[in-house]
Every structure is written in C-alpha cells, then in structure tokens.
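**Q** Chain by chain, the residues run as shown.
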Amino acid sequence: MRSILHVDMNNFYASVECLYRPEIRHLPVAVAGDPLNRHGIILAKNMIAKHLGVKTGEAIWEAKQKAPKLVTVPPDFAKYLKFSRLARGILYDYTDQIEAFGLDENWADVTGSLSIFGSAHDIAELIRKRVKDELGITVSIGVSFNKIFAKLGSDYKKPDAITDIMPDNFKSLVWPLPASDLLYVGKATSRKLTSIGITTIGGIANCPKDVLCRKLGKWGEVLWLFANGLDTAPVRLLGQEAAVKSVGNGITCPRDLTADEDVQLVFTVLAESVAARLRDYNLKCTGVEIQIRDKNLYYMTRQQKISRPTFLSSDIIAAAMQLFRANYRWFYPVRAVALRGINLVTADTLVELSLFEDESKNLAAENLARTIDGLRKRFGHDSILRASSLLDRNLTGFNPKEDHTIHPVSYFR
Amino acid sequence: MPRIELDIIVEHRKDGLALPKTIIWDDGRCFDIDRVLDIRKAAATKCGGIGIRYICRIKGREYKIFDEDGKWFIEQ
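In order, the protein sequences belong to chains S and Z.
Position 129, counted from 1, in the first sequence is what my numbering calls 129; the numbers after and before it change by one each time, with no gaps.
Position 15, counted from 1, in the second sequence is what my numbering calls 15; the numbers after and before it change by one each time, with no gaps.
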C-alpha cells in the first residue's frame with residue numbers, strides 16, 4: 001500500500017498577505033484584482049471573510065455587501081511563487097516524488113521514506129509544523145493510500161489539520177460526502193448523477209459500473225474507481241514534467257473592444273507572447289484557438305488548423321483574426337480574449353515544402369523572430385515593439401509572457 | 001508591531017555560515033551582538049516576513065533578527 005500525502009495551503013494568497021500585514025489579520029481580508037483594469041474579482045479570502053460568505057470569483061462589490069469591512073489587497077504573484085517554492089522545498093526533505101496541483105497544492109508519495117521518519121501521519125505532522133514555523137502559514141494535509149482520497153482528506157478538515165483516510169475507515173469517512181466533493185465531479189456531472197439518484201460518493205461507489213458508464217461515458221468508470229479508492233495514478237517524480245500540450249495567453253481588457261482593429265491589437269500582444277513561448281520550448285503550433293467573451297459574459301471558443309507548423313507571431317495573428325472575423329458577429333463589445341497555439345510539434349519537425357511559395361522568406365522571418373527574442377532578453381521586453389502596439393498603449397501595455405503565468409493543471413496528464 | 005529594517009554587519013564564514021555581528025540603528029548608534037543563540041528558518045509572525053531567524057543576545061536581552069533574501073530586519 002502506498003502512503004500519499006496531499007498538502008493544501010489554506011487560503012494561500014490571503015494567508016501570505018496576512019502574514020506580511022499583521023495590522024489586518026483580525027479583519028476580513030480578500031486578495032482581489034484591480035477594479036480599474038476590470039480585474040476586480042476576489043481571488044482568495046481569509047477565514048474571517050469566508051465565514052461572512054465571501055466567495056472566490058465574485059466581484060468586489062458583491063463581497064463588500066456581505067462584508068462591509070472587507071479589506072482588499074492587490075495580488076503579488078512573485079511573493080506567492082516564492083512561498084510555493086519554499087513549501088515544496090520542505091516537502092523535498094521527505095521525498096523526491098512530489099507533484100504540484102496549482103501553486104498551493106502538492107501530492108507527495110512518502111512510501112519510500114517511512115522507515116526513516118515513521119508513519120505517514122508522523123511525516124504529515126512534521127510537514128504541518130515546519131510549514132507553520134518556517135513560512136507562517138497553515139496547511140491541511142490528507143493522508144491516504146491514493147491521490148484522490150489524499151486530496152479529499154486535505155479538504156475534509158481545514159485549516160491546520162491532518163486527516164487520515166485509510167482502507168479501514170474510508171467507507172465511513174468518504175462515502176457520506178456529497179458527490180461533488182470528488183475530483184472531476186462538477187456541475188454537469190453532479191446533475192447527471194442526481195438524475196439517477198446519486199448524491200454521495202458512496203452512491204457512486206455502490207452503483208454498478210455499467211450504469212455509470214451508460215450515463216457518463218468513460219468518465220463513469222473513472223469516477224467509480226475514484227470513489228472505491230482504486231485510483232492507481234502515481235505521484236510523478238521530480239523532473240518528470242508533463243509535456244506541454246498547448247501554449248496560450250489571455251486577458252480581460254481594460255476597456256471593451258468595439259472593432260476588429262481593437263481585437264487585432266490585443267491579439268498581436270497575445271500572439272507575440274504565445275510565439276515567444278513556443279520558441280522558448282522549441283515547439284511549433286499547427287493550430288490556433290481563440291476564446292472570446294463579450295460584455296454580457298457570453299463565451300465562445302473556436303479553433304482552426306494552420307497549413308504549416310509555425311512559431312511566428314504574424315502567422316498566429318493572421319489565423320486568429322481570420323477565425324475571429326469568420327465567427328464573431330459584433331452583437332456586443334468584447335470584454336476578454338484569449339489565444340492559444342494548439343496541436344504542438346517540435347520545432348525541427350520535417351515539413352513538406354511548397355512548390356509555389358518562397359520558403360526562404362519564412363526562414364528569414366524565423367531568424368528575425370529569434371533575433372528579437374535575443375534583443376528582448378538582453379535589453380528588456382519594451383526595447384523592441386511592433387509599431388502597432390503604440391496605437392493604444394492602454395490596450396497593449398501588458399506583457400503576458402513575463403507578467404505572471406500560472407497554468408491551470410489537469411489531473412490526467 | 002512595525003517591522004524595523006536594519007543596517008547590519010555580518011561575518012560570512014567560509015563554510016557558508018553567516019553570523020550577524022553589529023546592528024546599526026538609523027540614528028547611527030551601533031549595538032554589538034553578544035551572542036547568537038539560535039539559527040533557523042522561521043516566519044516573523046508578529047511583524048510580517050519570513051527568512052532565516054537569528055535569536056541574538058544584545059546587552060542581556062534577546063532579539064529576533066531576520067534575514068529575508070538579504071534584507072535584514074528586527075522583530076522586537
């Protein structure tokens with residue numbers, strides 16, 4: 001049997017901010033984006049704000065109605081990255097099998113260290129104490145024999161707590177929990193499960209597998225395995241990073257975009273970043289995906305192929321604009337856009353050359369892009385810019401490549 | 001409690017150990033550290049910050065001095 005810990009830093013962003021500002025610790029605190037740039041939603045909140053009903057993702061004004069004394073602080077991602085790195089450093093003292101799930105959550109497989117440190121619970125206790133002493137923030141830890149139950153354990157009791165979920169107690173501990181607590185049971189799945197009378201994790205576990213499969217497809221079996229504690233996914237070893245599947249950037253614009261030209265400006269900045277990151281990874285994309293959110297938060301996503309693998313921003317912009325023009329009808333102004341390079345291949349993949357196009361132009365463009373990368377590395381991002389980005393600095397004055405990039409992660413990689 | 005950032009004289013040993021020797025107050029007064037009692041990573045929960053904590057004895061009283069990425073501060 002494996003011994004797996006899931007270490008979850010409680011209210012991560014808010015805890016870090018409270019550590020640095022003792023004067024606001026006794027008040028409801030929320031870390032929130034900048035309302036002037038229209039990023040004004042709650043990113044994290046402390047326990048006091050949580051008890052007052054403040055929720056992650058709601059607008060600041062909504063939160064202030066529930067908690068009039070709410071203190072909002074701007075996020076400082078550099079600080080959070082530092083804390084995340086330090087916390088992981090502590091875990092690495094106990095095992096080399098650590099897998100991050102976002103900035104504030106980590107799985108650690110300590111099976112191999114039990115003979116040195118004692119039981120998994122003892123190791124969890126050591127980690128909890130050390131994080132509290134050394135970083136001044138609390139963690140909740142789930143101790144179990146698979147990753148899914150370990151994660152449930154860390155959610156079971158918060159903050160500053162350890163929950164053991166073992167083969168002899170998981171039925172009494174896990175099965176009464178609502179089905180939506182299980183990883184990958186979201187709104188839609190939850191609704192489907194309710195329609196066949198399943199509301200708890202135990203319900204999923206005791207339901208015949210084929211019934212679930214008929215209702216949910218292949219996810220049915222996955223969830224059934226999860227609920228019965230039969231998940232066998234390993235905790236990845238240090239350095240076993242998942243291969244990059246797509247490279248994307250997006251932004252909620254400081255003002256609504258009202259014309260194709262505006263959208264092109266923003267796409268240009270995003271494409272520059274996407275293209276530069278592709279070059280960093282030595283990858284090319286063979287497809288482009290755009291995501292558009294309009295003023296009324298209607299959301300659409302479209303993708304298309306590119307005829308030749310590319311890491312050039314000009315190709316990506318062209319494809320993105322083509323997609324946009326073909327699909328967006330301008331019923332409402334656009335609020336947020338995102339751009340991704342998809343279907344990635346390594347940059348030195350062999351390509352079929354065209355008889356009718358001048359390939360040397362393409363080579364020259366690739367060399368130019370590498371040169372610009374070099375210039376930016378030495379003299380800073382703003383040392384060389386597209387002239388079009390000066391048309392409206394309000395819209396283009398951001399640098400998605402070097403401003404924070406925090407990637408959402410998937411359990412299945 | 002405010003966090004007071006310090007000018008400080010530190011002895012860096014060849015084995016990597018750093019020992020604070022003298023703290024220099026903003027008004028120019030210097031205080032020698034008589035003895036370092038404890039060195040470990042810790043959070044300064046009272047004034048906010050994390051780093052390496054040196055518990056030091058200065059003129060018979062104990063103070064906690066922190067090194068946060070090369071910036072030193074004292075928690076009284």
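A few of these clues could be false.
[Said to hold, decoys possible] Between beta-carbon pairs, the in silico distance windows are:
#	chain 1	residue 1	chain 2	residue 2	range
1	Z	Gly28	S	Pro333	58 to 64 Å
2	Z	Leu37	S	Gln65	37 to 43 Å
3	Z	Arg13	S	Asp280	35 to 41 Å
4	S	Ile384	Z	Pro2	39 to 45 Å
5	S	Lys129	Z	Asp69	19 to 25 Å
These are calculated hints, taken from the structure and not from any lab test.
Backbone N, C-alpha and C fix where the C-beta goes; we use that ideal spot for every residue, glycine too.
**Q** Using the Cβ atoms, figure out if Ile384 (chain S) sits within 39 to 45 Å of Pro2 (chain Z).
**A** At roughly 44 Å between Cβ atoms, Pro2 (chain Z) and Ile384 (chain S) fall inside 39 to 45 Å, so the hint holds.
**Q** Honestly, do Gly28 (chain Z) and Pro333 (chain S) meet the 58 to 64 Å range at C-beta?
**A** 60 Å, holds
**Q** Does the Cβ-Cβ separation between Leu37 (chain Z) and Gln65 (chain S) fall within 37 to 43 Å?
**A** 50 Å, violated
**Q** For the hint 35 to 41 Å, verify it against the beta carbon of Arg13 (chain Z) and that of Asp280 (chain S).
**A** 39 Å, holds
**Q** Cβ-Cβ distance between Lys129 (chain S) and Asp69 (chain Z): within 19 to 25 Å?
**A** 23 Å, holds
Hint check: a violation occurs at hint 2 only; the rest are consistent with the structure.
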